[in-house]
Amino acid sequence: NAGVTQTPKFQVLKTGQSMTLQCAQDMNHNSMYWYRQDPGMGLRLIYYSASEGTTDKGEVPNGYNVSRLNKREFSLRLESAAPSQTSVYFCASAVSDTGELFFGEGSRLTVL
Amino acid sequence: EDQVTQSPEALRLQEGESSSLNCSYTVSGLRGLFWYRQDPGKGPEFLFTLYSAGEEKEKERLKATLTKKESFLHITAPKPEDSATYLCAVEKSGSRLTFGEGTQLTVNP
Numbered sequence: 001n002a003g004v005t006q007t008p009k010f011q012v013l014k015t016g017q018s019m020t021l022q023c024a025q026d027m028n029h030n031s032m033y034w035y036r037q038d039p040g041m042g043l044r045l046i047y048y049s050a051s052e053g054t055t056d057k058g059e060v061p062n063g064y065n066v067s068r069l070n071k072r073e074f075s076l077r078l079e080s081a082a083p084s085q086t087s088v089y090f091c092a093s094a095v096s097d098t099g100e101l102f103f104g105e106g107s108r109l110t111v112l
Numbered sequence: 001e002d003q004v005t006q007s008p009e010a011l012r013l014q015e016g017e018s019s020s021l022n023c024s025y026t027v028s029g030l031r032g033l034f035w036y037r038q039d040p041g042k043g044p045e046f047l048f049t050l051y052s053a054g055e056e057k058e059k060e061r062l063k064a065t066l067t068k069k070e071s072f073l074h075i076t077a078p079k080p081e082d083s084a085t086y087l088c089a090v091e092k093s094g095s096r097l098t099f100g101e102g103t104q105l106t107v108n109p
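Protein chains in written order, with this note's numbering: chain A, 1 to 112; chain B, 1 to 109.
Treat the hints with care, as some may be off.
[What the hints assert, rightly or not] No more than 35 Å apart at the CA atoms, straight line, and that leaves these computed lysine-lysine pairs for DSBU-like:
1) B/Lys92 <-> B/Lys57
2) B/Lys42 <-> A/Lys57
3) B/Lys42 <-> A/Lys9
Note that these hints are calculated values from the structure, not bench results. Being a predicted model, the structure only gives us computed values, none of them experimental.
Given only the sequences and the hints, what does the whole structure look like? Please build it.
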């Protein structure tokens with residue numbers, strides 16, 4: 001049982017490059033989330049999807065876009081990466097819109 | 001503005017030395033308070049949900065309690081495998097989780 005799978009695990013980008021972080025869950029969960037984790041800042045919500053076909057902005061959405069491709073998959077896109085987007089990104093899912101989240105192992109992104 | 005503050009930032013214990021971690025919050029309309037454990041290089045793992053003041057939850061050596069202003073995570077006779085960062089998060093009606101910065105716990109053998 002894989003749970004929440006994120007790819008890639010590590011990525012280095014140059015300023016201005018674009019990339020997409022992929023996330024898939026196999027628990028038949030309705031809600032999916034993207035967080036970023038930075039030292040001294042805690043986990044901050046970027047975007048979430050309460051159900052298939054819907055997406056909403058979180059606390060720090062600027063510079064990101066998301067796609068809820070189907071019930072299993074929720075991707076995060078950086079159109080023009082900036083050094084301030086250097087972070088660890090976590091995807092999470094939940095049965096419904098509650099705080100009991102299941103997290104992936106993270107994607108470590110460095111923007112030079 | 002909703003705030004979640006965890007203390008201490010870091011805690012070192014000897015194996016068997018019981019202690020508590022604190023999570024204080026200022027949230028109107030609390031819907032739930034959540035505790036997670038995060039190991040280095042991994043995603044957070046859900047531990048407990050507390051919904052109302054006076055509620056307690058237990059799991060092995062961990063016990064979480066909740067008052068109207070704070071939550072405690074009590075660790076009884078910890079073992080080295082309890083070493084991790086413990087995160088607290090609050091959820092209020094109509095909003096998503098707000099996480100604290102975590103307490104990094106180290107248990108020495």
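Outcome of the hint check:
1. B/Lys92 <-> B/Lys57: Since the Cα atoms of B/Lys92 and B/Lys57 sit roughly 20 Å apart, the hinted pair holds (cutoff 35 Å).
2. B/Lys42 <-> A/Lys57: 25 Å, holds
3. B/Lys42 <-> A/Lys9: This hinted pair holds, its Cα atoms lying about 11 Å apart.
In terms of the numbered hints stated before, the structure departs from none.
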